[in-house]
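Novice: On the provided structure of chain A, position chain B with the ligands as indicated by the hints.
Chains as they are written, first to last, in the numbering used here: chain A, 1 to 224; chain B, 1 to 225.
Some hints here could point you the wrong way.
As the list claims (entries may be wrong) - Listed next, with one range per pair, are the computed distances between beta-carbon atoms:
hint, chain 1, residue 1, chain 2, residue 2, range
1, A, 192, B, 156, 30 to 38 angstroms
2, B, 156, A, 70, 54 to 62 angstroms
3, B, 79, A, 7, 40 to 48 angstroms
4, B, 155, A, 13, 51 to 59 angstroms
5, B, 76, A, 85, 31 to 39 angstroms
6, A, 217, B, 81, 40 to 48 angstroms
To be verified - For the chain B half of the interface with chain A, some residues (derived, Cβ under 10 angstroms), not all of them:
hint, residue
7, 9
8, 14
9, 89
10, 99
11, 127
12, 130
I should point out that these hints are in silico values taken from the structure, not numbers from a laboratory.
For every residue, glycine included, the Cβ atom is placed at its ideal position computed from N, Cα and C.
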Amino acid sequence: MSRAALLVLADGRFPAGGHAHSGGAEAAVRAGRVTDAPSLEEFCRGRLHTAGLVAAALAAAAVLGADPGELDAAADARTPSPALRAAGRRLGRQLLRAARATWPSAELDAVARRFPKGTHQPVVLGLAARAAGLAPEDAAHCAVYESVSGPATATVRLLSLDPFDAAGVLARLAPELDRVADCAVEAARRAADEGADALPAASAPLLEVGAEWHAGWPVRLFAS
Amino acid sequence: MHLGHTHPAPAALSADARRPDGARRALRIGLGGPVGSGKTATVAALCRALRDALSLAVVTNDIYTREDAEFLLREAVLPPERITAVETGACPHTAIRDDISANLEAVEDLEDAVGPLDLILVESGGDNLTATFSKGLVDAQIFVIDVAGGDDIPRKGGPGVTTADLLVVNKTDLAPHVGSDLARMAADAKAQRGELPVVFQSLRGESGVADVAAWVRERLAAWTA
Ligand SMILES: Nc1nc2c(ncn2[C@@H]2O[C@H](COP(=O)(O)OP(=O)(O)O)[C@@H](O)[C@H]2O)c(=O)[nH]1
Ligand SMILES: [Mg+2]
Numbered sequence: 001m002s003r004a005a006l007l008v009l010a011d012g013r014f015p016a017g018g019h020a021h022s023g024g025a026e027a028a029v030r031a032g033r034v035t036d037a038p039s040l041e042e043f044c045r046g047r048l049h050t051a052g053l054v055a056a057a058l059a060a061a062a063v064l065g066a067d068p069g070e071l072d073a074a075a076d077a078r079t080p081s082p083a084l085r086a087a088g089r090r091l092g093r094q095l096l097r098a099a100r101a102t103w104p105s106a107e108l109d110a111v112a113r114r115f116p117k118g119t120h121q122p123v124v125l126g127l128a129a130r131a132a133g134l135a136p137e138d139a140a141h142c143a144v145y146e147s148v149s150g151p152a153t154a155t156v157r158l159l160s161l162d163p164f165d166a167a168g169v170l171a172r173l174a175p176e177l178d179r180v181a182d183c184a185v186e187a188a189r190r191a192a193d194e195g196a197d198a199l200p201a202a203s204a205p206l207l208e209v210g211a212e213w214h215a216g217w218p219v220r221l222f223a224s
Numbered sequence: 001m002h003l004g005h006t007h008p009a010p011a012a013l014s015a016d017a018r019r020p021d022g023a024r025r026a027l028r029i030g031l032g033g034p035v036g037s038g039k040t041a042t043v044a045a046l047c048r049a050l051r052d053a054l055s056l057a058v059v060t061n062d063i064y065t066r067e068d069a070e071f072l073l074r075e076a077v078l079p080p081e082r083i084t085a086v087e088t089g090a091c092p093h094t095a096i097r098d099d100i101s102a103n104l105e106a107v108e109d110l111e112d113a114v115g116p117l118d119l120i121l122v123e124s125g126g127d128n129l130t131a132t133f134s135k136g137l138v139d140a141q142i143f144v145i146d147v148a149g150g151d152d153i154p155r156k157g158g159p160g161v162t163t164a165d166l167l168v169v170n171k172t173d174l175a176p177h178v179g180s181d182l183a184r185m186a187a188d189a190k191a192q193r194g195e196l197p198v199v200f201q202s203l204r205g206e207s208g209v210a211d212v213a214a215w216v217r218e219r220l221a222a223w224t225a
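Just chain A, same shape as in the assembly:
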C-alpha cells in the first residue's frame, strides 16, 4: 500500500468533476444559512455527520469487497432527493473515468460496463481506493474530507470568503473527521457480515430539500 496514492485520490485537483459542485453550499448560501466562516463550519459539521458518514461507510464497504450493485441500491435508499441521486451518479461516472485512467484494473472496467451511466460517487471512491491498493480507512478519510472540503472551497467562491478562514474551518474539523471515518469503517466491517442494511443512514433533510430547490434555478454557479 502506498500512502502517496491516498494523496493522489484525495487531491482536490484530481480530475473527477468535483470542481463544478458545491455540496449544497450554494443553496445554503442563498437561503442565508451560510454567511461567514462560523456558519460555514456549522454547515460542514452537519454535512460531515450525515452525508459524510454515509459516504464514508459506502466507500469503506466498497474497499472491503461488497457488491457494487448492493451498495448502489443502499446509496439510493439513503438519498431521497432525485437531484442528489443524479448528481451522485454523475460524479461517480466522472470519478470512474479518472480512476480507470489512473489505476487501470479489470474490476473498474467491469464496473464501467455494468453501470454505463455511473453508480454513486462514494461507491466508486471505494472501488478506486481498492484499485489503488488503499485500505478502507483511507477511502473513509477521503470521503469525509470531500464532504466538507467541497462546500468550503465553493463558499470561498460564493461569498468571496477569506480562503485562509475556509482552510481554518477544515483544520478545526480534522479531529472530528477522524472520528467519523472510524465509525464509518466499523459500520462497513459490520456490513460485510450483516449486509448493507448495517450501513449508517443518517440524513440531512435540509441538504435534500436544498438540492431540489437548487436544481430548479435557471442561473447558478454550481451544478449541485
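Specialist: What follows is chain B with the ligands alone, placed relative to chain A:
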C-alpha cells in the same frame, strides 16, 4: 462477474479515436476566447453552413447560465437533442482543460444518443485569454477574438492567441468604428503564430463564416483520411 458471451469494451477514457464498438468517433473542435468575441455566433454560423452535409452536435460550457445553449436552441441551428450544456462551477477553463470529465461525458453521450456524428463543436464560456482546451478533449481548437476588444490583443499573445490551431479575428465590420488597425493585428498575429493560420471575418458580411467552415472541412478530411 459473468458477463455472458459478449464482452463489450467498457466506455472510452478520453481522446481515444475509436468508440467502444470500434467505430471512429466524431472530430471534436473547441472554440475558446474572451466573452462576447463571437464564439456562439460562429458556432451557429458553422452549424448552418455544415449541417446539410455533416452530422453535427454542440456542447456549450457557460460560466453560470445556459445562455449559449439557449441561444442555439432559439436560433434552431440544430435539433435540441444535438445540443448539450455542461455546468462548469463558474470555471469554464477548468472544465475544458484541467478536469475534462464532464465534457467527455457530454460528447460521448451525444454520440450515443444521436450518432454517428461527424463533428462535435465544444464552446467554452469565455473568461480570459489564457483558456485553452485539453488535448484529451478536443482534436483542434479555434480561438476567437474580435476587433472591438482592442487591436493589441494579438500583440499581447497568450496561449490562446499563440497556440490555437486557428485564430479568428471576428467583427471586422466594426474596425472603422472602434479605430482598430487590421493590418497591425494581422502582422502581430503573424509574429506570434508563425505559420499557424489566421482568419479575419465578419459574420455580418457577405462571406460570413465561409473561411472557418472551409478550415473545419479540411480538418475533417484529415481526420477521416
Ligand atoms: N458587428 C458584429 N457583431 C457580431 C459579429 N459576430 C458576433 N457579433 C455579435 O457579438 C455579440 C456577442 O456574440 P457571441 O457569439 O454571443 O459571443 P461569445 O460570448 O463569444 O459567444 C452578439 O451580439 C453577436 O451578435 C460580427 O462579426 N460583427
Ligand atoms: Mg458564447
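Novice: None of the hints should be skipped; say for each whether it holds.
Specialist: Consistency of the hints with the structure:
The hinted window of 30 to 38 angstroms between residue 192 of chain A and residue 156 of chain B is violated, with their beta carbons roughly 60 angstroms apart. For the hinted restraint 54 to 62 angstroms between residue 156 of chain B and residue 70 of chain A, the CB-CB distance of approximately 57 angstroms keeps it satisfied. With their beta carbons about 45 angstroms apart, residue 79 of chain B and residue 7 of chain A fall inside the hinted range of 40 to 48 angstroms. A beta carbon spacing of about 33 angstroms between residue 155 of chain B and residue 13 of chain A contradicts the range 51 to 59 angstroms that was offered as a hint.
The hinted range of 31 to 39 angstroms is satisfied by residue 76 of chain B and residue 85 of chain A, whose Cβ atoms lie roughly 33 angstroms apart. Taking the beta carbon of each, residue 217 of chain A and residue 81 of chain B are about 23 angstroms apart, not inside 40 to 48 angstroms as hinted. The beta carbon of residue 9 of chain B comes within 8 angstroms of a beta carbon in chain A, closer than 10 angstroms, and the hint placing it at the interface holds. At about 7 angstroms, the closest approach between the beta carbon of residue 14 of chain B and any beta carbon in chain A falls short of 10 angstroms, and the interface hint on this residue holds.
Taking 10 angstroms as the C-beta cut-off, the interface hint given for residue 89 of chain B holds, the closest approach to chain A being about 3 angstroms. With 10 angstroms as the threshold, the beta carbon of residue 99 of chain B comes within range of chain A, its nearest partner Cβ sitting at about 4 angstroms, so the hint holds. The interface hint given for residue 127 of chain B is violated, since its Cβ lies 13 angstroms from the closest Cβ of chain A, which is over the 10 angstroms cut-off. With a cut of 10 angstroms, the hint placing residue 130 of chain B at the interface with chain A is violated, because the nearest CB-to-CB distance is about 17 angstroms.
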